[in-house]
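Engineer: Each chain is listed here by its residues.
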Amino acid sequence: MSTTRMTISIKNLKEIADLLNTVVNEAKFKLDANGLSVKAVDPAHVAMISIDVPKEVFLDFQVDGEEEISMDIEKLKSIIKLANSNDTVTMIREKEKLKFEINNIIKSVSLLDNNTVFTPRVPQISSESYVVVAKPELEKGLKAAEDVSDSIRFMLSPDDFRARSISDSEESELILTKELLKEIKCSNPVKSSYPLEYLLKLIKSLSSSEDLKLGFKDDYPLTIEFKFGIPRSGDATIISGSFLLAPRMEQ
Amino acid sequence: MEFKAKFKIPASLCTKCRGAKLLCGLSFCPITVKSIVTPKVNMFKGNRISGSSPPSVFVGRYGYPKVKVYPSVPQVHGDTSSYEDPKEWMNLQLEDFLSMRLSMIRGGTDVYVQNAADPDKLFQELQLMALSEKYVEVDMTLEKNLSEMSVILDENTPPMGPSAPLLKFQSDYSSPSLSVEKVYGDTDLKAMDAMKFLYSRNEDVSKISKILSVGAIGTKKMRKVVPTRWSITAVDKNLSDDLIEKSKDYPQIDKFQVYVRRTNGNLFVAILTPSNWIYEWGEAWGRGTTWNQWGEETYTEIDNEGYYGRKDYPGIGGCYYSTRLAVGEKLNQMRRSGGAITWREIYPGFSLPVGVWYVRENMRELFKMKPSEFDTLDDALKFVSKFLKVPLESWLRRSTVVKTLKYNNLEKFFSI
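Protein chains in written order, with the numbering used here: chain A, 1 to 251; chain B, 252 to 667.
It is worth saying that the hints were derived from the structure and are not from the lab.
Watch out, some of these pointers could steer you wrong.
Taking lysine-lysine pairs in the DSS-like style, the calculated list, with each CA pair at most 30 Å apart, reads [to be verified]:
#1 B:K475 - A:K213
#2 A:K95 - A:K107
#3 B:K663 - A:K217
#4 B:K663 - A:K227
#5 A:K143 - B:K637
#6 A:K204 - B:K619
#7 B:K471 - A:K204
#8 A:K75 - B:K562
#9 B:K640 - A:K204
#10 B:K562 - A:K97
#11 B:K621 - A:K143
#12 B:K285 - A:K201
#13 B:K475 - B:K385
#14 B:K562 - A:K201
#15 B:K506 - B:K619
#16 A:K97 - A:K11
#17 A:K185 - B:K663
#18 A:K201 - B:K640
#19 A:K201 - B:K663
#20 A:K140 - B:K372
#21 A:K30 - B:K296
#22 A:K77 - B:K385
#23 B:K475 - A:K75
#24 A:K135 - B:K506
#25 B:K663 - A:K191
#26 B:K663 - A:K30
#27 B:K267 - B:K317
#28 A:K95 - B:K619
#29 B:K372 - A:K143
#30 B:K637 - A:K201
#31 A:K143 - B:K663
#32 A:K191 - A:K11
#33 B:K296 - B:K285
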C-alpha cells in the first residue's frame, strides 16, 4: 500500500478547520481521486456544513483509492497554531496516526475511530429564490443584529434583500436593494428566520470568502453556498462549501 | 489512584497554605489525607484484623480478566452499615466521610472474572458476604503491612482504605434479603432483569452494583466478576434506560420545571422540559478543582443524547448516568415524560474525587424540592442564571438541549 500524503497551505487548512469547528468538534474527512471532502452536522442537528477541496488546491496529493480519516478539530487547530500563516503543511498517514510536517516541526497525532464519527447525508436542494451578497455586507447586517435578538429574519422580494432583528426595545435592519446585490432570483416574496449565533460563527470563520449565495423559502432551511481558499498561482481552482441551517421556530 | 503527589511540593508552599488553599494545585491536600490515613494504618498492629464489614467488597479493574477482589472491614464491631450507605454519607462532613471510608482495611485476593459462576471456597465466601443483608463479622489475616499508598480516591468509586494481600479470611456471613437470595439462586435470570428486579424491591443501587460486581447475578454461564467502577455505571445506565423508556409512555409535563441545589462547593441545576426525551449532563470545573488544577479558566463540558439515547460511552464519565438515573426516577414518580437539562458547577475548594454517588444522591435530593415553573425556556434559563457562577452564555454555547428545543432541527425537513 502506498502512502497517503497531502500538502496544503496553512491558510486553507485553517479556514477548513475553523469552518468545521462552527458545527462540530470531530470530523471525518473523505479522500479520493478528486480530492478531500467533509460533511458534518452539529449535535443539535440545527446546522450542517459540507466542504469540497479539489485535489488541485493541494500542492501535493497522493491518495490511493478511497480513504477516511477522522480527527479531533481542536487538535488540528492546535497544530495549525504551530505554523506561520504563509507556511505549508504536509500530512502523512501512518497507520492510525497522521503525521504533520510544518517547517522544522514534526508532529504525529492519533486518528479517531471512523465508526465513532457521524457523517450526515446532505440533502440536495435547488433554490428557486436566492440572492448573492458580498460577505462584508451580510457581516455588517448580522453584527447590527447581534445585540438586538438571538434570531434574524431574512426577507427576499424581487426588488431587495432585507435582514431584520427585533426585540421589545431595539431593532436592526440590513437593506440591500437590487442594484447593491451581485445577483438576485425571486419571483414571489419569501421570508424565514434563523438563529443568529450559527450565522455569526459561520461568517467569522469565512475569512477569505467574497460572495455568499443565500437560498431560502418561507420557514425553510437556509442554504449558504460559498467559495474560499487561496488558489495556487496560475490556477483558479478553489474550495467550495455549503452551509445548511434550520429555520428558527416561530414563537 | 494514589494520594501521594507525583511531584515534589516545596515546603515554602505548604507552610503558607497548611491545607487551606491548595497552593500546590493538587485536587486535595496530600498532607491532610496522609494525616487521616497514617493513624489508621499505624493503629493497625500485627497482621490480623477483625471487625464488622457493612458488608463491603471492592473489585479492582487492573489486570482484567484477572482482577483483585478485596473484602473490606473497619476495626469496629457492631452495626457498620453506614460505612456503605450513600444516603448516610450525605449527612457527613467531607473529612468525616473520608475518615470513615478510609478506615476500612482491604485484603486483596486474585480472582479470574469467569470464576464467578464456579467459585472456589474463598471467593464463594466473599460472594456470600457481599450478599448479606446485615453487617458481617470478619476475621482477616494479611500477608504484609498495609501500604498507605494503596488508598483509593477515584471519581467513580467511593474512597477505599489501605490494602495488603489477603492470607486468611473468615466470616460469619448472614443471610441475604429474600429478593437478593432469589436472583442469586436463579441461574436462568439475565443480569439486566436481576438488576431491575432488585431495584423494584427497593434494594439501593449501591447494593445492586456490589452484587453485580461479585458476579452473583446473571444466567449461570454468563456470571462474571465486574470491577466496582464498571459495575456502578452499568447499574446506573441499565436502570435509567429502563426508567426512561417507561417514562416515555406517560403524558408530558406542561411547564419547564427548574430545580436548584447548592451544596458545599457545588451547584446542581436541573431543568425538566415539556418535550420528548432529550438529555444532557454538564459539568463546569472552576480553577483549582479536582479535574481543573492548572487551567486558566473554568472548563465546561457537556454530553447529551436525543430521544433514542446514545450508542457510545459519554466522555464526561459515570456521573452522566448517575444523574440520568435520578432524572428517570423523578419522571416515573411524577408519572410524566419530558426532557432534562442537568448542570453542575464545581467551585474551588471542592477538590477531592469522592465517587459518582455524590452526584446521584445530590440529584435525588434536588428532585425532592418544589420546582419553580416557567412557560418558556428563556424564562427558565433567566431564572437559573441568577444562581450560576459560570456565565449562562458559556453554558449555552455548549448546551445541545437548549439549541434543540429552541431551534427547529434539520430532520424536520430532511432525513440526514
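Engineer: All the hints need checking, so say for each whether the structure fits it.
Structural biologist: Outcome of the hint check:
no.: 1; hint: B:K475 - A:K213; in the structure: 60 Å, violated
no.: 2; hint: A:K95 - A:K107; in the structure: 15 Å, holds
no.: 3; hint: B:K663 - A:K217; in the structure: 15 Å, holds
no.: 4; hint: B:K663 - A:K227; in the structure: 28 Å, holds
no.: 5; hint: A:K143 - B:K637; in the structure: 27 Å, holds
no.: 6; hint: A:K204 - B:K619; in the structure: 45 Å, violated
no.: 7; hint: B:K471 - A:K204; in the structure: 60 Å, violated
no.: 8; hint: A:K75 - B:K562; in the structure: 24 Å, holds
no.: 9; hint: B:K640 - A:K204; in the structure: 28 Å, holds
no.: 10; hint: B:K562 - A:K97; in the structure: 24 Å, holds
no.: 11; hint: B:K621 - A:K143; in the structure: 41 Å, violated
no.: 12; hint: B:K285 - A:K201; in the structure: 49 Å, violated
no.: 13; hint: B:K475 - B:K385; in the structure: 24 Å, holds
no.: 14; hint: B:K562 - A:K201; in the structure: 29 Å, holds
no.: 15; hint: B:K506 - B:K619; in the structure: 17 Å, holds
no.: 16; hint: A:K97 - A:K11; in the structure: 23 Å, holds
no.: 17; hint: A:K185 - B:K663; in the structure: 26 Å, holds
no.: 18; hint: A:K201 - B:K640; in the structure: 25 Å, holds
no.: 19; hint: A:K201 - B:K663; in the structure: 23 Å, holds
no.: 20; hint: A:K140 - B:K372; in the structure: 77 Å, violated
no.: 21; hint: A:K30 - B:K296; in the structure: 65 Å, violated
no.: 22; hint: A:K77 - B:K385; in the structure: 56 Å, violated
no.: 23; hint: B:K475 - A:K75; in the structure: 39 Å, violated
no.: 24; hint: A:K135 - B:K506; in the structure: 41 Å, violated
no.: 25; hint: B:K663 - A:K191; in the structure: 18 Å, holds
no.: 26; hint: B:K663 - A:K30; in the structure: 27 Å, holds
no.: 27; hint: B:K267 - B:K317; in the structure: 45 Å, violated
no.: 28; hint: A:K95 - B:K619; in the structure: 52 Å, violated
no.: 29; hint: B:K372 - A:K143; in the structure: 74 Å, violated
no.: 30; hint: B:K637 - A:K201; in the structure: 27 Å, holds
no.: 31; hint: A:K143 - B:K663; in the structure: 28 Å, holds
no.: 32; hint: A:K191 - A:K11; in the structure: 35 Å, violated
no.: 33; hint: B:K296 - B:K285; in the structure: 18 Å, holds
Comparing the model with each numbered hint stated earlier shows that hints 1, 6, 7, 11, 12, 20, 21, 22, 23, 24, 27, 28, 29 and 32 do not hold.
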